[in-house]
Amino acid sequence: MHSADNSQIKDIPSVISNALRKFVKANGSVVIFLILWIVASVFVRNFFSIENMLLIIKQAAIPTIACLGITVVLMTGGIDLSLGYTLGLCSISVGLFVKSFGLPIWLSIVLTLLIGIAVGLFNGVLVQYVRVPAFITTLGSGFIIFGLAQIISSGSDINRLPPAFRAIGITEFGGLNTTVVIAIVTCLVMYYVLHRSTFGRALAAFGFNNRTARMSGIKTERINVMAYVICSFLVAIAAILLTIRVNCAQPTMGGGVYTFEVITGAIIGGASLFGGVGTVIGSVFGILIVKIIENCINLLNVSYYTYQAFQGIVILLAIIFENVKNRKL
Amino acid sequence: MKKTILEMREITKYIFDAFGHALRGSTVRILDSVDFDVKEAEVHVLIGENGAGKSTLMKILGGIIPPDGGTMKLDGKEISFSGPRESLHHGIGFIHQELNLCLNLDVAQNIFLGREIGKKLFIDKKNMYARSSEMLAKLGFDIDPHTLVRDLSTAQQQIIEIVKVLSYDCRIIIMDEPTASLTSTEIEKLFEIIKELQKKGISIIYISHRFEELKEIGDRITVLRDGKYIGTVPIEEFDYDQIINMMVGRKLGAMYQCHHVPTTEKVLEVKNLKIASHTKPIDLYVNKGEVVGLSGLVGSGRTELAKSIFGSRTYFGGTIRYDGQVIKKVHPSQLIAKGLVYLSEDRKLEGLVLEMPIAHNITLASLPRLFPKTNIHRGKERTVALKGVRDLNIISNSLDQLCNTLSGGNQQKVVLAKWLLTEPKVLILDEPTRGIDVNAKSEIYRIIDRLASEGVGILMISSELPEIIGMSDRVYVMRNGTISAELTEKEDFDQEKILSYTLG
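Which chain is which? The protein sequence lines are A and B, in order. Going by the numbering used here, the letters in the first sequence line up with residues 1 to 329, in that order. Going by the numbering used here, the letters in the second sequence line up with residues 1 to 504, in that order.
So here's chain A without its partners, still in its complex pose:
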């Protein structure tokens, strides 16, 4: 009965502070982004310009696609450490298909996306049915994928890709390019999948409490495998776009550093390593935060190694912030 009483005693300031609290709690990364943006605009020379804004958006587009993938996996309570290596495998694959084998562009892309799906199935089935923790499974599969990419490429890159293929990602208009458009479309689709569909609801329920989910008739096995498939599928898209951007298909593209960057984005965006929590808006702003920091480090002429250390600090701060927020608010 006490809960009913509480609801009636509400004064206006507490309503506003409650609303603010709710917003910060749900969109912590948006708040961090705004603070960071203002601080950078004031203190970092050349940061505040339209060109620089557009540059950050362009740089964020591809990692955002991969980050939405890892967000789905994180929501199950799992993790995909093979992400960066899958990126390399898909990159070299699309290069081989489109240049070395001379396949039509559409077929090359479809085959590359299928490779992504296959990798996801492999990871998902291992995690779900062999019941090895995702951390170990994907660490192992990551090395297999990395080795595979090296073997099929014989260790060499494929340069100068066909211009018609490159046009998919680099056609410019209004300061932005098609890669950004694809990223935005991906965001919209994933927003529907995660926040408006029964799949997204079941995914969250599974991530929070898989026993309740199963007992409530959710096909948890399917959801768990699907999460890895979606992740690797999105990584394959990211791989194609990144290959176009650098005009070079490389088996070593991505790697552990890329995995780390993408997971950092998702975590800053509020995704929980324990499952259940993850949002499209959070992950988008998470990646934007990572890219703003990278951008500032560049503008300030600091070494890349400092950037990596800084990234580590940011991920720790994000986790601490998450904890404090959950306790205090």
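Some hints could be false.
Claimed, not checked - In silico EDC-like links for lysine to aspartate or glutamate, alpha-carbon gap of 20 Å or less:
(1) A/Lys-22 to B/Glu-355
(2) B/Lys-329 to A/Glu-221
(3) B/Lys-3 to B/Asp-219
(4) A/Lys-25 to B/Asp-219
(5) B/Lys-125 to B/Asp-106
What the hints assert, rightly or not - Between beta-carbon pairs, the in silico distance windows are:
(6) A/Ile-184 to B/Glu-454: 49 to 57 Å
(7) A/Gly-140 to B/Ile-123: 33 to 41 Å
(8) B/Glu-7 to A/Phe-23: 49 to 57 Å
(9) A/Leu-273 to B/Leu-105: 26 to 34 Å
Think of the hints as simulated: they come from the structure by calculation, not from any bench. Beta carbons are placed, not taken as given, at the ideal position from N, Cα and C, and that holds for glycine.
Using the hints, position chain B against chain A.
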């Protein structure tokens, strides 16, 4: 006259969370001014139905949770514990029903866990193993202290627990259903040890459901019921009927109102189902519009039976017929779609997604039916959720309130709302009123009666006899993994009778 060494007076405990802290604003008392004492070198038996408060009282004595009121005196001196270690250092040892040993360590390592003998960095292994075998030998056991605990039988593991407790020079040992997993020869051995300990002046608090045992080793019997102290009887005055009366003797109030009329049309039928390879087969059926009670102790196989029917557990042969069809190896989702649902006894682990809002929890099991095109329509979701909240009188701030901030009774109503939304034809309820207050209880009884009137077949598993008697049209009693009795006539529903089938 033996000396009284431990006195617990007016111990009170409100319903608490996983950390032993009282739930905010809760007035449900698990223990209500309970008195308990222990004399030197006696075996004091503590009995009561499930949920009577035995375990809670012992957890307080063992320092696992603090009391909310009352005093404890040891040798006339008032004591209070900040944790189990402190209780142990006062000479009170607790042997839990589930043994707390490290399976991957050996016997000696377990006995000296956390207080290894040695100087500074190095463990004096020789000394530790020698002392372990000495202690084991003293009790008349020949167990090599180098054996891994994993390789010991349950009885031997229990002995290690006893040795461990004794090595702290305990004067009072609490044993929570120690014979639950032992064979009859192992039980005899345990009783010998208990008598041996008694001779050394050590007192035992013994929790058990088995009456034969009590007569054999007990000195006094204390009965708890609904968190209240009912009385203490010396073993010489043991009278079966009187003890049962003390355990259950409460009046059935107007809580149970049955208006539904059962049909004779079978909707769920279980034949020759074995829940484990060694148990006897089970036959059971539920008619449309009928409330069937399934009584029995925790661990008698009730939940296993329910989960076997619901497709979330493998069973050992037998057929389950639902709505005329044989169901076999199915995923819960198929059964839910057909209208057979199971409300788990553990609402936090298997009933709710605590971190999700009320609305999402209510629609969780009906997603495919409500939104066949996978597109969640927010307006529709809120309308059906609101209907559930109103129908079941769930007290909350809004549909967006997270379930972990609700009281137990309201949480249970959310789970019930979730299942009612699936429009079930058969509802299996596993302890539907556990840990909720009286008001919520009577509301849940009303809902059960209403559903039965609408033709839903209900199988209600419960440890509370008044609930079984008050609500059921027919009662099954389970013991040792099978059905030990079926009571079809309302006149036969009698606490003493059901309890006698339960205990055997």
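Hint by hint, work out which the structure violates, then give me just those numbers in ascending order. 4
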